[in-house]
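K.L.:
For reference, the chains in residue letters:
2 protein chains.
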Amino acid sequence: MPSKGVLYVNMAEKLKIIPLGGLDEIGKNLTVYEYGNDIIVVDVGMGFPDNDMYGIDVVIPDVSYLIKNQSRIRGIFLTHGHEDHIGALPYVLRDIHAPIYGTKMTLGLVQLKLEEHNLKADMRVCQAGDVIPVGRFTVEFIHVNHSISDAVAFAITCPVGTVVHTGDWKIDPTPISGGMMDLTRFGELGEQGVLAMLCDSTNVERPGFTKSERSVGDSFDALFRGCEERIIVTTFSSNVDRIQQIINVAARYGRKVAVSGRSMENALRVSTELGYMKVPEGTMVDLAQIKSLPKRQICIITTGSQGETMSALTRIAFSTHRQIEIQPGDRIILSASTIPGNENAIGAVINELYRKGAEVVNERSNNLHVSGHACQQELRILHALVKPKFFIPVHGEQRMLQTHSKLAQSMGMSPKNIVITEIGKVIELTKDSCKVTGTVPSGKVLVDGYGVGDVGSVVLRDRKRLAEDGVIVVVMSMSHADGSLVSGPEIITRGFVYVKESEELIEELETLATRVLTECEYRHMTDWTNIKGAVKGELSSFLYKKTKRNPMILPVIMEV
Amino acid sequence: MPSKGVLYVNMAEKLKIIPLGGLDEIGKNLTVYEYGNDIIVVDVGMGFPDNDMYGIDVVIPDVSYLIKNQSRIRGIFLTHGHEDHIGALPYVLRDIHAPIYGTKMTLGLVQLKLEEHNLKADMRVCQAGDVIPVGRFTVEFIHVNHSISDAVAFAITCPVGTVVHTGDWKIDPTPISGGMMDLTRFGELGEQGVLAMLCDSTNVERPGFTKSERSVGDSFDALFRGCEERIIVTTFSSNVDRIQQIINVAARYGRKVAVSGRSMENALRVSTELGYMKVPEGTMVDLAQIKSLPKRQICIITTGSQGETMSALTRIAFSTHRQIEIQPGDRIILSASTIPGNENAIGAVINELYRKGAEVVNERSNNLHVSGHACQQELRILHALVKPKFFIPVHGEQRMLQTHSKLAQSMGMSPKNIVITEIGKVIELTKDSCKVTGTVPSGKVLVDGYGVGDVGSVVLRDRKRLAEDGVIVVVMSMSHADGSLVSGPEIITRGFVYVKESEELIEELETLATRVLTECEYRHMTDWTNIKGAVKGELSSFLYKKTKRNPMILPVIMEV
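From first to last, the protein sequence lines stand for chains H and Y. My numbering puts the first sequence at residues 1 to 560. My numbering puts the second sequence at residues 561 to 1120.
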């Protein structure tokens, strides 16, 4: 291996990259970089539960590998402040302690999150251009554009070489704040030689370019100009530049702006305090004051772009908001894309707004939202600048990873130099090779209320069954002395049938259970597990035959 | 009221139109027409359950109004054979008996459905152009284009006037079978004078025209031409013309066709038997035979375009199909739109196909699907031809109904002549007026297994709670004589926490329940309802504080 660095590298010490989340899946991004005795972590994100994860609030990555290697962790580096990149911090920080590096905006949002959970952390504010030495790594912060302010990519260097970790990004030549992403720096790194690139694949299926954030401002202008009605706008609370544009256009047309929804209020406060948002004096008013203004001077910015049940816009639509009621003619602007799975929830809110006489303008036809991720043409530009030796498509589901691999191949990269893998796999890099060499524990840890990880597949399977057909409890007291039935069986059902209209069925069940118990006594069955099994089996097959349903049956024997 | 017909009409006898489904909602289409003592029903459709209707298979309209007026029902008229227009028949026909009128294809599909449910009905095959007298109504069948063969609109005439009921339709100048919809007849009716029109609003938000079904054939051709791999295509099984096009292109390129999935097999059988499908000889082969063919001669048509769990394509993707396994290189064509709510299920199937090395081509970028509903330009044409005096937009959610109303207004119709209403409302028409005058019972009846209507809001609320946090059963035996605790309390949980890892918590619950019971005894509480209430209350607040969860708590007292 006659490469230049050979003298300085202990060849036994390879660079390991271990994705623990965000690969072959969407959300809960977390990647581990490991060289010698040093570990750094990039992003600690959360994911949303699947439809069949009943009762689950949040999904976080399994970090048992990090817990086991706690003493080697030198730092946590955050690319930006979206939930899928920082949302698991409050849970993971219970077990893992390391300095957290991020930009001002990112750490401002982390701070908010930690306060909610009564947690503290060693946070170190960095900015694009900074190069942070941690153990034998250095981590360089590189400015990128995204749908949140102050997003960065990382150039992570260790003796094996430099890895470019893009985080989420797009190229916006006319952003609202902060300038175009630092293509020059990516190009310089490419000239110096990049060992590998881990690159965002979210929009790899879309041809062309993602539009500039600024183009949405033009759409707002057209909708505010000449409008005599109240205007209510909803968008993602983390999209500070979008909110800035709404405030700008409101001010331009003489409207005051009020805000509704906790996350929107928080975002506005943090971004104003940190200087990411500039609000023209006298523009913001309290929600309580807005009523006294004429319609044409009112603009309300709310949460609820995904139709979330408790969000401000949903409450406004369904008349459960304390301060705002829909008035006929209100112009409601939905400035957000629909996250897959939320179509019906958003549809219900839109229908209700229409029903109350509002005018709803949404994204589809009006250029009211632009993505924060690079499309094919942007991806090609970055590949051409960075020219990595090895390519690891990340931040996407299988179909996106494969499409991204094809895109790289279409630019001349050999498929041998592309690694598509999944979470928990150990990718080992030398100067000349990049391959999967092992596996560490990984997966989904479910958060339900205060419980982290105490709901697993068994509990979920029970919840699914309970959800679909309900529960039937069969209680009986039996004599400790001779195993005879002392009282019962009593039948209690929930979620099965409407009991008042099904008394006959319940009686049939009691009769059947009694018959089974009599038979057990007759056969001198004394093992209560067997007796419970017999009751369960008979009731279950009777019910399936009669109702084609399969409720959970819980026989309980009280020994007296 | 100096209208021409005044001499012949008993003015007390108005035409009533009562939508019992499909208005201000999607699905379960059913409309009642009533004149004097005569009632006719148009369509008897089913709907799909909302996300929070746990365990529900199908939703059907509440037809108690029809049951009450059974003796006056002269006929059921079906516009076409889609589930949302015929799917509730097996349930509704248990209570309602009337001749069913429909075209050959529609009744063929109804027949299949009734056989599955062991039901029989008086079915009368009609064709476009037929005029059926029923009571004082006549119903004329008019040919329209849609995404299923043999769809019709109705011109429903009674002494008050003629109502055009469009059903689902689009204008396809180059359909695969049956010719363009009968615009001439709509025009003639318009010339003669149409009292009111009830018109499909599904695609009213889309500008322009829906593309011809034939255009999809060109896309198939491009994907079959020169392909050396196996081709697997999925589409809606009811779209006979689409299946015909797949078979045609397969035959053109020397491929044999096999079919997988019960509904696809049924659709193929019915449509071939009834002459709606023409299969070139020697093209169809059994699924078992297909393995022996070279890849380039294989085409498999499957169910599963919506990612349904048990469908053929899902089973193929996840390797649970008995006869078909994905081979690297397989070309999978998804020729269907995504019904909102199914995004994630379809996404999971696509990712799994990619993971196994298949190439997936889907609708988005490849013109592999066209809608069956009219877009704005087509709607304008029909409005211009029919020129109804009154307009009732139907078949759509609130936002579509209102958009359709605006479209009609943009063509000169007065808003006073447009009625937007909801199910259960009685729309009363005279020659000069159209207004809502009353309400009849209406709503959603839930079907769960064999049970029709035995699951209502109470049961659903319980299922939701069980799904989210599980159930805790607290059982105790108490003395009949003095109310003292004989045995227990015993705690059983399901769907709450993983019991083996939470023994401590369960013990805490037992201790707490015992304390509550002791206290009850000390206070001489003897009413068991109160005792149960106390146990429930204490456990509930303890658990919420400790876990932030709210499981269903079921205290059971056995009297011994």
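In case anyone wonders, no lab produced these hints; they're calculated from the structure. Certain hints may be false.
[What the hints assert, rightly or not] List of simulated lysine to any residue pairs, SDA-like, C-alpha gap at most 20 Å:
| hint | chain 1 | residue 1 | chain 2 | residue 2 |
| --- | --- | --- | --- | --- |
| 1 | H | Lys546 | Y | Val1007 |
| 2 | H | Lys548 | Y | Lys1108 |
| 3 | Y | Lys1106 | H | His117 |
| 4 | Y | Lys1004 | H | Glu501 |
| 5 | Y | Lys1004 | H | His117 |
| 6 | Y | Lys1108 | H | Glu501 |
| 7 | H | Lys548 | Y | Leu679 |
| 8 | Y | Lys1004 | Y | Glu988 |
K.L.:
Each of the hints needs a verdict: does it hold here or not?
P.N.:
Hint-by-hint comparison with the structure:
A hinted pair counts as satisfied when its Cα atoms are at most 20 Å apart, and lysine 546(H) with valine 1007(Y) qualifies at roughly 14 Å. About 35 Å separates the Cα atoms of lysine 548(H) and lysine 1108(Y), which puts this hinted pair outside 20 Å; it is violated. Proposed proximity of lysine 1106(Y) and histidine 117(H) is supported: the alpha carbons are some 15 Å apart, at most 20 Å. With a C-alpha separation of about 18 Å, the suggested pair lysine 1004(Y) and glutamate 501(H) falls inside the 20 Å cut-off, and the hint holds.
Distance hint between lysine 1004(Y) and histidine 117(H) is unfulfilled; the C-alpha atoms sit about 43 Å from each other, more than 20 Å. Under the criterion of a C-alpha separation no larger than 20 Å, the hint pairing lysine 1108(Y) with glutamate 501(H) is inconsistent with the structure, at around 34 Å. For a cut-off of 20 Å, the pair hint linking lysine 548(H) to leucine 679(Y) stands: about 18 Å separates their Cα positions. Pair hint lysine 1004(Y) plus glutamate 988(Y) does not hold up; C-alpha atoms about 23 Å apart against a cutoff of 20 Å.
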